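Fit chain B to the supplied structure of chain A, relying on the hints for placement.
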Amino acid sequence: MKLDNLWEAIGKMDDKLIVDVIELKNKEKNNTNQWWIGVAVAIVIVFSTFSITYTVSAEFREWVISLFQIKETEVVPKTESDNNKITESIAPISLYAVDSIEDVFEVQYLKSTNYMSTIGSLFTHSDDSGSIKYYAAENSEFIPVEAEEIKDKVKLTGITGEIDFTRIKYRGNLLLRENRDTSFMLDDGNEAIFGLEVSNNNEVWLTLYKNPQSDKWEYWAIYDLDTGEVSDILQGISVNGIELKNYPVLRQWGNVGNGIYIVTLGQTVERAEAYLIDINGKRAVSFSELTGIPHVSSAKVVNDKIMLLESIPNDKFNYYCYDYSMNTVTEIYNSAEYWISEEEGDNSLRVRFSGGRYDFVEEKGIIYLVDEFTGTRLTVEGITEDLAESLLINSDNNKILVSSFGDKTIEQIGIIDIDADRFYLMKRENNDSVTEFSISWNDANHIMIEAENNVSNESYIYLYSLAE
Amino acid sequence: MEDNKIIELYWNRSEQAIMETKNKYERLCTKISFNILHNNEDAEECVNETYFTVWNAIPTARPVYFSAFLCKISRNLSLKKMNYSHAQKRNSEALKAIDELENVLIHNVNLTMKLEEEELIDTINEFLNDLSIDKRNIFIRRYFFFDTITEISNLLGYSKSKVKSILSRDGKKLCNYLKERGYGNETR
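Those protein sequence lines, which keep their order, are chains A and B. According to the UniProt record's numbering, the stretch in the first sequence is residues 1 to 468, in order. According to the UniProt record's numbering, the stretch in the second sequence is residues 1 to 188, in order.
Any given hint might turn out to be false.
Footprint (simulated), chain B over chain A, 3 or more residues, beta carbon under 8 Å [what the hints assert, rightly or not]: (1) 6 to 14; (2) 318 to 327; (3) 410 to 423.
Straight-line C-alpha distance at most 25 Å; calculated DMTMM-like pairs for lysine to aspartate or glutamate [said to hold, decoys possible]: (4) K135/B / E331/A; (5) K31/B / E197/A; (6) K173/B / D127/A; (7) K16/A / E41/B; (8) K160/B / E149/A; (9) K172/B / D304/A; (10) K179/B / E468/A; (11) K162/B / E289/A; (12) K5/B / D15/A; (13) K135/B / E243/A; (14) K135/B / D20/A.
Just a few of them, taken from the derived set where beta-carbon distance is under 10 Å, the chain B residues facing chain A [stated by the list, open to error]: (15) N83; (16) D130; (17) F145.
Rather than coming from a laboratory, the hints here were simulated on the basis of the structure. A quick note: this is a predicted structure, and the numbers were derived from the prediction, not measured. All residues carry an ideal CB built from backbone N, CA and C; glycine is no exception.
Same shape as in the complex, but just chain A (with noise of 0.2 Å):
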């Protein structure tokens, strides 16, 4: 060892910078009486005794995000005259602004004539005839890019119908959109629709929805963009001696990876369950087989990981980290109840579910966030309970936006960014006579705020990013 007294220095770190490392460490506890499925890293489904570990969460331990409140108003740039255009384009979107706020946010500002709305990192226009054009931002410009019809008459499970979309390829990124509303009624007086979506492993789905308003039943096929081929996956895949299509219950599919899903099941939702589902092998075990916890209602795929919920009664539940490449599965929340907006709660732990890695929780007047992974609690310093309950995660898991709507404008944006422990809060206005409808993820970095003038017909997209 060359740096002798750097080893030493680190073999003397602060007690406590170790402990907490080692609680968020796993404990083992063995139950050697569960079948189990053989995960590696690389899953196959193998039916043999296994030993599963079972852990507590860290979820006593808390830790600080610090609030870093912006001291500066964002005032959006006013659009009235085409001077203030940066971008030369013959496209109708144009960068009008940007701006730099306190070297944390990043701002560009768009406008467009009729509207704008994004697909991928693509913009979309309609002219006034409705007809949708793609742009591309490439140095300071806005680039056409072409895109290509899809009209098929389709069928899976015996019903036929229609799909009308536009697939669009841009840098090897494929992107598909619906073109309009081709639902239908079967002929037993229940509406039904396909739908095409690129999977997380670039696989074209053609998924069969039926009753889509009521998010009961879906059932999915690989669908061949050239030839319009259907390859029906999951067909000769029963559970308990019925065909998966034939369940009542079918949604919340999720890709596991290397041909493993997982999916909710049964013949009412109440006694629906998840399984973890083999397209290869055509085999199927539901994941209180192989964890032993009693009832796990719904599951989701969270990078390598899945999350698992067991429904308990009175409309709670338990909610837990299943690590299939570890063989460990540790509880993250007991007995708590979803935070519903304006609900009282029973002094009980309140979850608002992100659908990615961290979630909001309450309990007795606290507001924390949490990591699905480990349960350990983070204090985000300045969070409110109307901020909190506006959530939303990035595709990385690493930040979280967070925003309070005025009447026609967003008033307050806030990201909380997970790696650099820092909540960024800003407030803003708009005193142009625009309503601003909506704020998401445009990717993983930026956020978009989506905004209109009802008189003019223009719209405007902002987009925020963090300062490098």
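Just chain B now, with coordinates in the frame of chain A:
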């Protein structure tokens, strides 16, 4: 058994203290020791020596964080043993981790002079406290516990390349941290 009860046993010079320590922390100490020595017998020897050291230390020291106290002793004894042992060096995870961090630091920071130890420890603590929770966890797992990249990536749900990239970036950050405080400046 709660840590404070185990410490009470040491204070009362009860040999049950060692049994309880063994029951609760043998795996943790063995893991650190094995990461460094990559040899079961040597690791076992170091862990037993850890208990003996704790037995002798506790009447004069009363650790607030017993687990960290044990880890530090195990790590220290194992590193000392590794320095005297040549046979197992090649496979030691600790050596890989040490090479990894030293490669980042060695050309930029002069720590070969014996500097004020307390100052360096304070700097390390300050640096670690400035890291985000996950990054701090990764750094300590790798350079204190000498866990493998695979173990860390599995634990935190990150890809191995992401863990490597975080370690590399934080190694450079540590380098800048040390330079800002004058390490590497020969006039210091």
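Here is how each hint holds up against the structure:
no. : hint            : verdict
1   : 6 to 14         : holds (count 9)
2   : 318 to 327      : holds (count 3)
3   : 410 to 423      : holds (count 4)
4   : K135/B / E331/A : holds, 23 Å
5   : K31/B / E197/A  : violated, 46 Å
6   : K173/B / D127/A : violated, 51 Å
7   : K16/A / E41/B   : violated, 30 Å
8   : K160/B / E149/A : violated, 40 Å
9   : K172/B / D304/A : violated, 28 Å
10  : K179/B / E468/A : holds, 22 Å
11  : K162/B / E289/A : violated, 33 Å
12  : K5/B / D15/A    : holds, 19 Å
13  : K135/B / E243/A : violated, 46 Å
14  : K135/B / D20/A  : holds, 13 Å
15  : N83             : holds, 7 Å
16  : D130            : holds, 9 Å
17  : F145            : holds, 7 Å
Violated hints, listed in ascending order, are 5, 6, 7, 8, 9, 11, 13; each of the other numbered hints is respected by the structure.
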